[in-house]
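A.B. asks: Sequential numbering of the sequence shown, starting at 0, is according to numbering that gives the first Met the number 0.
Note that these hints are calculated values from the structure, not bench results.
Mixed in with the good hints, there may be bad ones.
In the SDA-like style, the derived pairs of lysine to any residue whose C-alpha atoms are separated by at most 20 Å in a straight line are [what the hints assert, rightly or not]:
1) K261 x A213
2) K229 x G181
3) K278 x L242
4) K49 x D83
5) K54 x P37
6) K54 x L16
7) K1 x N42
8) K239 x K261
9) K189 x S130
10) K278 x Y174
11) K237 x I272
12) K18 x S130
13) K49 x F29
14) K44 x M58
The structure presented is a predicted model; accordingly, all values stated were derived computationally and were not measured.
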Amino acid sequence: MKLAGVVITFFPDIPELQKNINSYIDDLDFLVIWENTPIDKRNYKEDDLKNISDKVIVMGVGSNLGIGAALNQSIWHLLDYDCDYFVTFDQDSSFDFGVLNQYKKLVTENNQEEIGVFGTNYISNDSLAYSGDFDSLVVNECITSGSIFPKTNFIKGHFFNEDFFIDAVDFEYCYRIAKTSGLSTVIFPKIILNHNIGYSDQSFVSKLSDNYSAFRTFFLIKNQIYIWRKYPDLFEFKRKIHLVIKYIILRIVSVVFFERDKYAKLKSIIRGINQGLSKP
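Start from the sequences and build out the full structure, keeping to the hints where you can.
C.D. replies: Structure (structure tokens):
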């Protein structure tokens, strides 16, 4: 199979990014690095990215387009390339040696028209997302990083939702293609992706509720309320409870008593709830 990759970068640690890309570049035919870091705030040169591999194509517009638009622009570019599938990565994700090659073989062996997304099992904070001795699992959703998408998805117009900007871009995509086209999401639990989920601070405040910026807080709440309303049967009950308790109730407590920038964050929570409930 011909596989092209996309990695979205935002204020990357260049040595770490190079190491992560080197963990999978040999099993890719092309790789777009989409630079979302504002050009006037970069402390590195574009050549630092280009020099990682001759397979690398560096793209960007000099500002942060968000996740959805960056993925779409990258994939639009790659549609003209000789490839059958696209794999997407976060900048902090990597595979152990040879894992992507095994993953490609599984995708080829399980290639069916009704599968719209192939995903991995990921390690975050020393824990696996999925346990059990399964070769494959049909799930409602999977994270963007490490996921493989058939090129035909995008030829048929199944692009990412650019309105989401950040947070739940992956879940919304899986839910939408399932609802509109009957395409399923399949993960391979034995294919392990090294990945960091969300905020890594281990302080008391972060354990109470993720200490996100006002900007990210708004999109997180708005987007998750929207997909709850739009896809209530696919957005699982445990995720609904997590949203209400962790991201709204405990977040309000955390902001009021422990966090800085209280006004902006509380305003973002209210705006997120309002727009999530009103978005058509």
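A.B. asks: Indicate, hint by hint, whether the structure satisfies it.
C.D. replies: Cross-check of the supplied hints:
no.: 1; hint: K261 x A213; result: holds (9 Å)
no.: 2; hint: K229 x G181; result: holds (16 Å)
no.: 3; hint: K278 x L242; result: holds (17 Å)
no.: 4; hint: K49 x D83; result: violated (23 Å)
no.: 5; hint: K54 x P37; result: violated (24 Å)
no.: 6; hint: K54 x L16; result: holds (15 Å)
no.: 7; hint: K1 x N42; result: violated (34 Å)
no.: 8; hint: K239 x K261; result: violated (25 Å)
no.: 9; hint: K189 x S130; result: holds (9 Å)
no.: 10; hint: K278 x Y174; result: holds (17 Å)
no.: 11; hint: K237 x I272; result: holds (19 Å)
no.: 12; hint: K18 x S130; result: violated (27 Å)
no.: 13; hint: K49 x F29; result: holds (12 Å)
no.: 14; hint: K44 x M58; result: holds (13 Å)
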